[in-house]
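Peer 1: Residue numbers (the numbering used here), protein chains in the order written: chain A, 73 to 412; chain B, 73 to 412; chain C, 73 to 412.
Since the hints were derived computationally from the structure, they do not count as laboratory data.
Accuracy of the hints is not assured; some may be wrong.
Said to hold, decoys possible - 27 Å max Cα-Cα, derived DSSO-like pairs, lysine-lysine:
(1) A:LYS381 with C:LYS360
(2) C:LYS381 with C:LYS360
(3) B:LYS381 with C:LYS381
(4) B:LYS381 with A:LYS360
(5) B:LYS381 with B:LYS360
(6) C:LYS381 with B:LYS360
(7) A:LYS360 with A:LYS381
(8) B:LYS381 with A:LYS381
(9) A:LYS381 with C:LYS381
To be verified - Not close to chain C: a few residues of chain B, all C-beta gaps over 12 Å, as computed:
(10) GLY88
(11) LEU322
(12) ASP348
Only a predicted model underlies this, so the values are computations on that prediction, with no experimental measurement involved.
We treat Cβ as the ideally placed atom computed from N, Cα and C, and that holds for glycine.
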Amino acid sequence: MNLAELARRLDAELVGPAELPVTGVGAPEEARPGQVVAAFDDAALVSAEAGPAAALVVGAEMSAAKPHLRVADPRAAFEQLLDLFAPPPPPPAGIHPRALVDPSAVIGAEPTLGPHAVIGPRVVLGDRCRIGANCVVGEAARLGNDVTLHANVTLYAGVELGDRVIVHSGAVLGADGFGYRSTAVGHVRVPHLGTVVLEDDVEVGANATIDRAKVGATRVGQGCKIDNLVLIAHNCRLGRHCLMVGQSALAGSVELGEGVVMAGQSGIADHLRVGDGAVVAGQAGVMKPLSPGARVAGSPALDQVEYFKQLAGLRRLRQLARRVEALERALGRTADDDAT
Amino acid sequence: MNLAELARRLDAELVGPAELPVTGVGAPEEARPGQVVAAFDDAALVSAEAGPAAALVVGAEMSAAKPHLRVADPRAAFEQLLDLFAPPPPPPAGIHPRALVDPSAVIGAEPTLGPHAVIGPRVVLGDRCRIGANCVVGEAARLGNDVTLHANVTLYAGVELGDRVIVHSGAVLGADGFGYRSTAVGHVRVPHLGTVVLEDDVEVGANATIDRAKVGATRVGQGCKIDNLVLIAHNCRLGRHCLMVGQSALAGSVELGEGVVMAGQSGIADHLRVGDGAVVAGQAGVMKPLSPGARVAGSPALDQVEYFKQLAGLRRLRQLARRVEALERALGRTADDDAT
Amino acid sequence: MNLAELARRLDAELVGPAELPVTGVGAPEEARPGQVVAAFDDAALVSAEAGPAAALVVGAEMSAAKPHLRVADPRAAFEQLLDLFAPPPPPPAGIHPRALVDPSAVIGAEPTLGPHAVIGPRVVLGDRCRIGANCVVGEAARLGNDVTLHANVTLYAGVELGDRVIVHSGAVLGADGFGYRSTAVGHVRVPHLGTVVLEDDVEVGANATIDRAKVGATRVGQGCKIDNLVLIAHNCRLGRHCLMVGQSALAGSVELGEGVVMAGQSGIADHLRVGDGAVVAGQAGVMKPLSPGARVAGSPALDQVEYFKQLAGLRRLRQLARRVEALERALGRTADDDAT
Numbered sequence: 073m074n075l076a077e078l079a080r081r082l083d084a085e086l087v088g089p090a091e092l093p094v095t096g097v098g099a100p101e102e103a104r105p106g107q108v109v110a111a112f113d114d115a116a117l118v119s120a121e122a123g124p125a126a127a128l129v130v131g132a133e134m135s136a137a138k139p140h141l142r143v144a145d146p147r148a149a150f151e152q153l154l155d156l157f158a159p160p161p162p163p164p165a166g167i168h169p170r171a172l173v174d175p176s177a178v179i180g181a182e183p184t185l186g187p188h189a190v191i192g193p194r195v196v197l198g199d200r201c202r203i204g205a206n207c208v209v210g211e212a213a214r215l216g217n218d219v220t221l222h223a224n225v226t227l228y229a230g231v232e233l234g235d236r237v238i239v240h241s242g243a244v245l246g247a248d249g250f251g252y253r254s255t256a257v258g259h260v261r262v263p264h265l266g267t268v269v270l271e272d273d274v275e276v277g278a279n280a281t282i283d284r285a286k287v288g289a290t291r292v293g294q295g296c297k298i299d300n301l302v303l304i305a306h307n308c309r310l311g312r313h314c315l316m317v318g319q320s321a322l323a324g325s326v327e328l329g330e331g332v333v334m335a336g337q338s339g340i341a342d343h344l345r346v347g348d349g350a351v352v353a354g355q356a357g358v359m360k361p362l363s364p365g366a367r368v369a370g371s372p373a374l375d376q377v378e379y380f381k382q383l384a385g386l387r388r389l390r391q392l393a394r395r396v397e398a399l400e401r402a403l404g405r406t407a408d409d410d411a412t
Numbered sequence: 073m074n075l076a077e078l079a080r081r082l083d084a085e086l087v088g089p090a091e092l093p094v095t096g097v098g099a100p101e102e103a104r105p106g107q108v109v110a111a112f113d114d115a116a117l118v119s120a121e122a123g124p125a126a127a128l129v130v131g132a133e134m135s136a137a138k139p140h141l142r143v144a145d146p147r148a149a150f151e152q153l154l155d156l157f158a159p160p161p162p163p164p165a166g167i168h169p170r171a172l173v174d175p176s177a178v179i180g181a182e183p184t185l186g187p188h189a190v191i192g193p194r195v196v197l198g199d200r201c202r203i204g205a206n207c208v209v210g211e212a213a214r215l216g217n218d219v220t221l222h223a224n225v226t227l228y229a230g231v232e233l234g235d236r237v238i239v240h241s242g243a244v245l246g247a248d249g250f251g252y253r254s255t256a257v258g259h260v261r262v263p264h265l266g267t268v269v270l271e272d273d274v275e276v277g278a279n280a281t282i283d284r285a286k287v288g289a290t291r292v293g294q295g296c297k298i299d300n301l302v303l304i305a306h307n308c309r310l311g312r313h314c315l316m317v318g319q320s321a322l323a324g325s326v327e328l329g330e331g332v333v334m335a336g337q338s339g340i341a342d343h344l345r346v347g348d349g350a351v352v353a354g355q356a357g358v359m360k361p362l363s364p365g366a367r368v369a370g371s372p373a374l375d376q377v378e379y380f381k382q383l384a385g386l387r388r389l390r391q392l393a394r395r396v397e398a399l400e401r402a403l404g405r406t407a408d409d410d411a412t
Numbered sequence: 073m074n075l076a077e078l079a080r081r082l083d084a085e086l087v088g089p090a091e092l093p094v095t096g097v098g099a100p101e102e103a104r105p106g107q108v109v110a111a112f113d114d115a116a117l118v119s120a121e122a123g124p125a126a127a128l129v130v131g132a133e134m135s136a137a138k139p140h141l142r143v144a145d146p147r148a149a150f151e152q153l154l155d156l157f158a159p160p161p162p163p164p165a166g167i168h169p170r171a172l173v174d175p176s177a178v179i180g181a182e183p184t185l186g187p188h189a190v191i192g193p194r195v196v197l198g199d200r201c202r203i204g205a206n207c208v209v210g211e212a213a214r215l216g217n218d219v220t221l222h223a224n225v226t227l228y229a230g231v232e233l234g235d236r237v238i239v240h241s242g243a244v245l246g247a248d249g250f251g252y253r254s255t256a257v258g259h260v261r262v263p264h265l266g267t268v269v270l271e272d273d274v275e276v277g278a279n280a281t282i283d284r285a286k287v288g289a290t291r292v293g294q295g296c297k298i299d300n301l302v303l304i305a306h307n308c309r310l311g312r313h314c315l316m317v318g319q320s321a322l323a324g325s326v327e328l329g330e331g332v333v334m335a336g337q338s339g340i341a342d343h344l345r346v347g348d349g350a351v352v353a354g355q356a357g358v359m360k361p362l363s364p365g366a367r368v369a370g371s372p373a374l375d376q377v378e379y380f381k382q383l384a385g386l387r388r389l390r391q392l393a394r395r396v397e398a399l400e401r402a403l404g405r406t407a408d409d410d411a412t
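Isolated chain A, as found in the complex (with noise of 0.2 Å):
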């Protein structure tokens, strides 16, 4: 690809050579030679300037001295670049001979297996499924088409996959609930006869837990993003393209409409309904149902408008304190008077 090509596929105006060869793209801290650089800010300009990038892309207002491209919308420029340079998948690698699959399994066509993964039996994978290495997938699990499964993932025995989910390395899809009986002898496990399905086109990050129902499933509905670290308890439900982000939690049982965000390190507890398209704040706790639409913030969580009065409140009770004693001077009380 050379800075002509580029330019006519971001719609950009040319500045510089249009034979130039751009291999890449890189970050303005971290260029190598022959990247292009989009640069959203005069310090990202200065880095990319200094360093070897080939050609910027900057936005209409900006100029460099390096060859670049004047587009209207440097972000989205980015956002194309990375979907331009972005490799093809690797061709279909076949079952690795140090692969394990059960002879009872059914495995699609063009897949890819890597060493010791292990494929229990009455497994079924769809067809194109890349299954990473070190990954053990559990008796009768069922996968669709053209689903990954990075290094190291467990899938329980009965998870059920769509077509097209992604699992990070780490991911554990099935482990029973934590759900226990208390007795005079202790805490008794109660069986979790359910499973875990993951609908369509579900991406789910690393190290992240999603347990098995008691009965029925526990189900991730089609387009559900959900990162690193994050838990989902047993019999959860979530609707389609829900995003929970890093570090955030569902307790057991909760429903989730369509739509909903969990910002960071944010939690939901037991037995909620969320509505559609609600979005929770990081850190937030919910501690009610929330209604379609909802916006919240806090812990326990409220409605974000009140959550901010709240802490404006906070912010001037100082002064409010020293306000209430201006009051008792100018009527010749103390604090101590009757207040105690």
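Please arrange chains B and C on chain A, whose structure you already have, making use of the hints.
Peer 2: Leaving out everything else, chains B and C in the frame of chain A:
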């Protein structure tokens, strides 16, 4: 099992054909044909009636169109159903030819060792242990009888597990504690020469981590249940029957008494002692020692009653500010007269 | 080692038989015969005296019935004991016959590669690297000298580790960042073409995750120590010698200066810059950039002094309300007169 047999086992009133076969227990929203479903409320009843379930379990005051069993306590009956339909543990499967067992390891009777499991030198496994695929059991670790490690568990050298311990996938027991000496040239690791001991009947959730002690042991008492993604730092000591819910954490050298409950995403600062039966609410952050039976919430954690009073005060804070303004107006003052 | 030798090394006063053999260092509550125990307080002393420890280390003002060493600073002496009794690293063990090394990988001198470790194409390992059992090192990853990966670590393709890096079990380095474009048909993955770079002397805890950058590198500076279950999102950049304690998290593109400390369960929102030496308290949630040396607490995080004042104000809130009531009574008003 048929419906009459099930009625007898649940001590239920039978409404429907005695001979109806029942093959399992399902969820209201996703039952399969042949399953029995426990409906706790009208919404579940409607779901279950609409699906292919063979029969229902309902409360004494409910009725149903499908064949059903009427019971005094549907939730208790549901747990009985789980126990009834839980599959028996599979028979011991022996040592898989692709498991790797050091010649100096001692393996008890009736083992089940999965493929690619690695059993290090001088490890001792009790009888009937089940070691999942791709587990790594470090040198000189000692496991009691009837221990289950699900797939992809890591035990560092020297870790000790009692009888009937269950460890879920991705959990890591015995990593070095987060202990460094800060010096002029940086943070220098303090050697951790101790270990981790899980007493009998402990269960550890997926991707949880329990670090080894500097000396002696990080000790988890008999019957404790540790949920997914929980962190127990070096040198903690948990009494018997504690519950740590998902993503909760203990910093170094915390001591929990017996029966302590840590709700989800809560944490306890280092070196604190928590008395028997204390309950820490979700997302709470404990910064002080807790007495037996304490119930705390908030960050920093307060006695729960005090916490709820503070929350109530916060909710009334704007009203309080308006009352102060009214007083100022009544006295012909403004907030700025002498308050600042 | 005997007691006299130990006294000499710790610069301690010897009280007891010089020839007494000492085999290791133990904990007050769980010492083994032959071990020396450091007792920092009376409770520890009583425990240690009651157990089978061979000898004690105590402060200058303490005495003991067992043979003991009296030192000025028992905590410093304890750390010296840990160093003294830390076992030497085992000799290099070579490449296990069940490790799988791609023919295009370059392995340095004196390697130790465990069974089922998978070393991908074009990987470069420095000298004396130790790769634990069941680790997966992705294509073209580069490791410096003296790197240790404990069992079950996953490095995605292209990840770069400096010299003496240590990564604990279950950690995942280089997974795709949580970056999607939200479109009419759902969230679409943004390609992540960058990588993860850990500079020299970094240590990463069990089950931590560090995501790859969109372009360039998510970079962890020299000497940083990252605890268990920590999340570092795409494109973060950490200066040298930062500490991130268990379950803390950085959202995308956060920049930490040098020597920043994040206490347990704290988090920083995306794209923020944190100055050198800033300290973030446990469970704090940082929503604004932090100056060098800042000390913050709370969620949203405030300057620590301001935070403690707010907490104090909260504790006095009910008293303030009573004072306002008293003023209202003194003026013959009620709360409802005109306040609402």
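Peer 1: Check the hint pairing LYS381 of chain B with LYS381 of chain C against an upper bound of 27 Å on the C-alpha distance.
Peer 2: holds (18 Å)
Peer 1: Quickly compare the C-alpha distance for LYS381 of chain A and LYS360 of chain C to 27 Å and report which way the hint goes.
Peer 2: holds (18 Å)
Peer 1: For the pair supplied as a hint, LYS381 of chain A and LYS381 of chain C, confirm whether the alpha-carbon distance does not exceed 27 Å.
Peer 2: Since the Cα atoms of LYS381 of chain A and LYS381 of chain C sit roughly 18 Å apart, the hinted pair holds (cutoff 27 Å).
Peer 1: Are the Cα positions of LYS360 of chain A and LYS381 of chain A separated by 27 Å at most?
Peer 2: Given that 27 Å is the threshold and the Cα spacing comes to 20 Å, the pair holds.
Peer 1: Would the hint linking LYS381 of chain B and LYS360 of chain B be met if the CA-CA limit is 27 Å?
Peer 2: holds (20 Å)
Peer 1: Taking C-beta pairs only, is GLY88 of chain B more than 12 Å away from all of chain C?
Peer 2: About 44 Å separates GLY88 of chain B from the closest Cβ of chain C, which puts it past 12 Å; holds.
Peer 1: Does LYS360 of chain A sit within 27 Å of LYS381 of chain B, going by the straight-line distance between their CA atoms?
Peer 2: holds (18 Å)
Peer 1: Is the hinted pair LYS381 of chain C and LYS360 of chain B satisfied, with a Cα-Cα distance of at most 27 Å?
Peer 2: Judged against 27 Å, a Cα distance of about 18 Å means the pair holds.
Peer 1: Compute the least Cβ-Cβ separation between ASP348 of chain B and chain C, then decide whether it is above 12 Å.
Peer 2: holds (18 Å)
Peer 1: Given the hint that LYS381 of chain B pairs with LYS381 of chain A, test it: the Cα-Cα distance must not exceed 27 Å.
Peer 2: holds (18 Å)
Peer 1: Between LYS381 of chain C and LYS360 of chain C, is the straight-line Cα distance small enough, at 27 Å or below?
Peer 2: holds (20 Å)
Peer 1: Verify this label for me: LEU322 of chain B is non-interface relative to chain C, using a Cβ-Cβ cutoff of 12 Å.
Peer 2: violated (9 Å)
When held up to the earlier numbered hints, the structure conflicts with hint 11 and nothing else.
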